Amino acid sequence: MWADPSRVEDAAMAQLRNIADLPWVHGLAVMPDVHLGKGATVGSVIAMRDAVSPAAVGVDIGCGMSAVRTSLRAADLPDDLGRLRRRIESAVPVGFAMHDEPVDTGRVAGESGWDGFWGGFEELHDGVRGRRQRALRQLGSLGGGNHFIEVCLEQGGTDEGRVWLMLHSGSRNIGKELAERHIEVAKSLPHNADLPDRDLAVFVAGTPQMAAYRRDLFWAQEYARRNRAVLVSLVQRALAATVPGTRFDEPISCHHNYVAEETYGGVPLLVTRKGAIRAGSGELGIIPGSMGTGSFIVRGLGNPESFTSASHGAGRAMSRSKARRTFTAADLATQTAGVECRKDAGVVDEIPSAYKDIDEVIRAQTDLVDVVAHLKQVVCVKG
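Our numbering puts the first residue of the sequence shown at 940, with every later residue one more than the last.
Calculated directly from the structure, the hints in this document are not laboratory data.
It should be emphasised that the depicted structure is a prediction, and the values quoted were computed from it without experimental measurement.
Even glycine gets a Cβ: it sits at the ideal position worked out from N, Cα and C.
Don't take every hint at face value.
Computed cross-link-like contacts, DSS-like style, restricted to lysine-lysine with a CA-CA straight-line distance of at most 25 Å [as the list claims (entries may be wrong)]:
#1 K1282 with K1261
#2 K1126 with K977
#3 K1282 with K1315
#4 K1115 with K977
#5 K1261 with K977
#6 K1115 with K1126
Quick list of simulated restraints, FRET-style, between CB atoms [claimed, not checked]:
#7 D1298 with A1048: 25 to 35 Å
#8 S1051 with Q1072: 19 to 29 Å
#9 F1060 with E1028: 26 to 36 Å
#10 T1146 with A1013: 49 to 59 Å
#11 D1018 with T1273: 16 to 26 Å
#12 D943 with S1051: 40 to 50 Å
#13 E1119 with G1052: 19 to 29 Å
#14 P944 with E1161: 32 to 42 Å
#15 E1123 with R988: 18 to 28 Å
#16 E1119 with A959: 24 to 34 Å
#17 A1268 with D1065: 41 to 51 Å
#18 E1119 with G1059: 16 to 26 Å
Please construct the entire structure, taking both the sequences and the accompanying hints into account.
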């Protein structure tokens, strides 16, 4: 456990105990940003033998981060950052919105295999067969909640003021619909009848239900990854149109709500990271803060104690409803001073004070990751 147990809410501790008691669980690692979730806590890494819990993955299958370092410095950005924000918002649908027509994925650098990927759609759960056009039009869209696009500046070091692009999104409606359908199937299975929490219902290896979930799960994770690749391309074009001649490094991308097949101590496992990133030795990852604080590019240390994982962000310190009751739009404006972003009541639940201290979260996992770069946003686009 990389969180201080005395600072973890009682309900989240109860969830963790319920998870650890499941007969299929090989091990459980708890990240420093841990907080209450549905069924499984956000900020948990669950390693199971021959089983997986779809609710522990969550409904935004494959949700994660991408970041790209640019050739620009702070002085290269326009004085009017509002113009850049509006250009990004015009290129990327946010909230429930989607593109009028599917994005031309042939223009997305480094991405291929689109025909094969979309060919897999016909094999998905019968209940989503009519969602293909929606999934096509949502590819390259942001979504709402805690999803965001940011323009950031590197803090300190020889690259002080270097401009980065960063974004957070997942598998959009298609991932949600697949997850919800499989969660209901899992809850109906006899072997889950006596669980302490029905939201921890599992599929077990060698069953048709497990095979169907794995097929849809891995497709949705790939959709999420490709969605972020398209988003990166759209945001890059928006920045290059604002500052001609901008060059971009290779993107960093990482899921933080997903399942992976991994082996530890010679035991093959299905590892679910719900609000956690893979931090294998030398692997780059992204740990964001809130819309008014810093974020971090990190390099994994491959610690097997955590199933080579690290936190996925700051983690919520209070629920969205409590944040809306506690803070006002004026509080949001104060806490996001110096950031070009929405400052209205519609995003008060994303106020920085609703999240844990990202610096404390990073300090709690120095045996899991090394910090490569510390970033601070100057533009933030929210859904």
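Straight-line alpha-carbon gap K1115 to K977, limit 25 Å: 14 Å, holds
Outcome of range test on Cβ distance (E1123, R988; 18 to 28 Å): Holds: the Cβ-Cβ distance is about 24 Å, inside 18 to 28 Å.
S1051 paired with Q1072, Cβ distance criterion 19 to 29 Å: 22 Å, holds
Status of the given 40 to 50 Å range, CB of S1051 versus CB of D943: 45 Å, holds
Outcome for the supplied range 41 to 51 Å, where the beta carbon pair is A1268 and D1065: 44 Å, holds
Cβ distance range 24 to 34 Å for E1119 and A959, holds or violated: 26 Å, holds
Outcome of range test on Cβ distance (E1119, G1052; 19 to 29 Å): For E1119 and G1052 the Cβ distance comes to about 27 Å; the hint holds.
Given hint K1126 paired with K1115 - CA-CA distance at most 25 Å: 17 Å, holds
Outcome for the supplied range 26 to 36 Å, where the beta carbon pair is F1060 and E1028: At roughly 29 Å between Cβ atoms, E1028 and F1060 fall inside 26 to 36 Å, so the hint holds.
Outcome of range test on Cβ distance (T1146, A1013; 49 to 59 Å): Holds: the Cβ-Cβ distance is about 55 Å, inside 49 to 59 Å.
Satisfaction of the hinted span 25 to 35 Å by the C-beta atoms belonging to D1298 and A1048: 34 Å, holds
Assessment of proposed distance window 16 to 26 Å (beta carbons of D1018, T1273): Holds - the Cβ-Cβ distance for D1018 and T1273, about 23 Å, lies within 16 to 26 Å.
Violation of the numbered hints given earlier is absent; every hint is satisfied by the structure.
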